[in-house]
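Peer 1: Listed here are the chains, written in short residue letters.
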Amino acid sequence: MKTVISESTEEYKFVERLIPPSRVPTPPKHAGPAPSGWTPPADTPPPLPYMIRRSRMHNIPVYTDLTHGSRKTTLVRKVEGDIWALENDVKQYLKEVVGKELPTQVNEVTMTLKVKGHFDSELKQWLASKGF
Amino acid sequence: MFRCSVVLCGRGAAKRFASSFSSESALPPNLLLPSNLVDPARLRRGPPPRLAPPSPQQTLERLDAEPLGLTELHPDVFAVRPRLDILHQVETWQRNFKRVSHAHTKVRGEVRGGGKKPWNQKGTGRARHGSIRSPLWRGGGVANGPRGPTSYYYMLPMKVRVQGLKVALSSKMAQDYLYVVDSLELPSPDPQYLLDLIKHKHWGGSVLIVDVGEDFSENILRATANLKTVNIIPALGLNVHSMLKHEALVLTLSTVRFLEEKLLWHDERFMSLYPFALPYSDLP
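Just so you know, the sequences run in chain order L and H. Numbering that gives the first Met the number 0 applies: residue 0 is where the first sequence begins, and numbers increase by one. Numbering that gives the first Met the number 0 applies: residue 0 is where the second sequence begins, and numbers increase by one.
Hints listed in this document are in silico derivations from the structure and should not be mistaken for laboratory results. Watch out, some of these pointers could steer you wrong.
[To be verified] Taking lysine-lysine and the BS3-like style, the derived pairs with C-alpha atoms no more than 27 angstroms apart in a straight line are:
#, chain 1, residue 1, chain 2, residue 2
1, H, K158, L, K113
2, H, K227, H, K198
3, H, K244, H, K97
4, H, K261, H, K158
5, L, K113, L, K90
6, L, K129, L, K115
7, H, K97, H, K200
8, H, K227, H, K200
9, L, K71, L, K113
10, H, K200, L, K77
11, H, K158, L, K123
12, H, K158, L, K77
[To be verified] Facing chain H, a subset of chain L residues (Cβ under 7 angstroms, in silico):
#, residue
13, I18
14, P20
15, S21
16, V23
17, R55
18, K90
Beta carbons are placed, not taken as given, at the ideal position from N, Cα and C, and that holds for glycine.
Please construct the entire structure, taking both the sequences and the accompanying hints into account.
Peer 2: Here's what the structure looks like:
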């Protein structure tokens, strides 16, 4: 009995559906905050002189850093517009939270804002409440 | 026939040009500007055609042609912040990563000869030496010279190189050196016609023409073949060094769409699980 070899490309669809996507998907619609605590950005950007974009994973771009073992900084990235107005607002808000004026550093070239101390959760909540 | 489209940034990109001193209209008093900030030859050339009032309808064979329309350009590609440090990084990387310096000198052990002690340590009144090829000697080896082919290869992160392209395109846009054309068909392969066209339209001293795809029309290839200041490249060959070297940048509409698709993909992609040369389901 002779074996017959036949080619078929119809089974390739099982391979194709395993190939991963390369782009980050848009998150599904939530009414308010998600169970993990993630809040979607507002539909229209808030009417402020500055804008803070979301990261590619749709999170608020506030990060903490620890250098020299004891130097704590909080970094706000992806700022657009009037960064000095954002610095004033952040200083005022953190004064109410902490009680004293915190040193901040504005970098106009990279449009980032550094604050001394770890305030990532407070700043993330504050920015989310603003609608960024 | 070269037909031009006037460019326009979409989605409120004009706001992105506002500096952080948007609340004050005057420049700060302690600002020092260099006197050669604006090229005087450019001022003598006259305003770019899109600011002039629309000229009456002319035949297509002439050099004049009115702008065809407005092109929407994505602000995240053509209106990013002018990061000169990123441009510098990408430009130096482009120059140095291909460099292999072949400078090579022989060390005292590689120079022919010099194994025997030239004279005894003591007794002769001369200085003590161990070999005639030590670096102190004439004809001896070099002590700390260049050693063999050295490679200066390094790679900047992919996103830095992509940002460099975006910054270069935005700088060309901001300085009015970016022109969008709908097709690259010339009526004749004469290089002089191309030079006259560029001079008439006040495009600039040197022009870089970019088109998508491998096949260009023969007229434009023959016109640019022997010209030093006007060059044509495919869209995949667009790089920061060429953009900085040429004054004006001429893109076709399809090139603009192609560049936007490719450059914006980097803003929303995952980290690579495996090299991007292998298949993914939705590569641009």
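Peer 1: Next, verify each hint and record whether it holds.
Peer 2: Hints, one by one, checked against the model:
1. K158(H) x K113(L): holds, 23 angstroms
2. K227(H) x K198(H): holds, 15 angstroms
3. K244(H) x K97(H): OK: K244(H) and K97(H) at ~18 angstroms, within 27 angstroms.
4. K261(H) x K158(H): Given pair K261(H), K158(H) holds - Cα atoms ~12 angstroms apart, limit 27 angstroms.
5. K113(L) x K90(L): holds, 11 angstroms
6. K129(L) x K115(L): With a Cα-Cα distance of about 22 angstroms, the restraint between K129(L) and K115(L) holds, given a limit of 27 angstroms.
7. K97(H) x K200(H): With a Cα-Cα distance of about 37 angstroms, the restraint between K97(H) and K200(H) is violated, given a limit of 27 angstroms.
8. K227(H) x K200(H): Roughly 19 angstroms between the alpha carbons, so the hint for K227(H) and K200(H) holds.
9. K71(L) x K113(L): Given pair K71(L), K113(L) holds - Cα atoms ~10 angstroms apart, limit 27 angstroms.
10. K200(H) x K77(L): The hint is violated at about 38 angstroms.
11. K158(H) x K123(L): holds, 25 angstroms
12. K158(H) x K77(L): It holds: about 15 angstroms lies between the C-alpha atoms, which stays within 27 angstroms.
13. I18: holds, 5 angstroms
14. P20: holds, 5 angstroms
15. S21: holds, 4 angstroms
16. V23: holds, 5 angstroms
17. R55: R55(L) check passes; min Cβ-Cβ to chain H is 6 angstroms, inside 7 angstroms.
18. K90: violated, 16 angstroms
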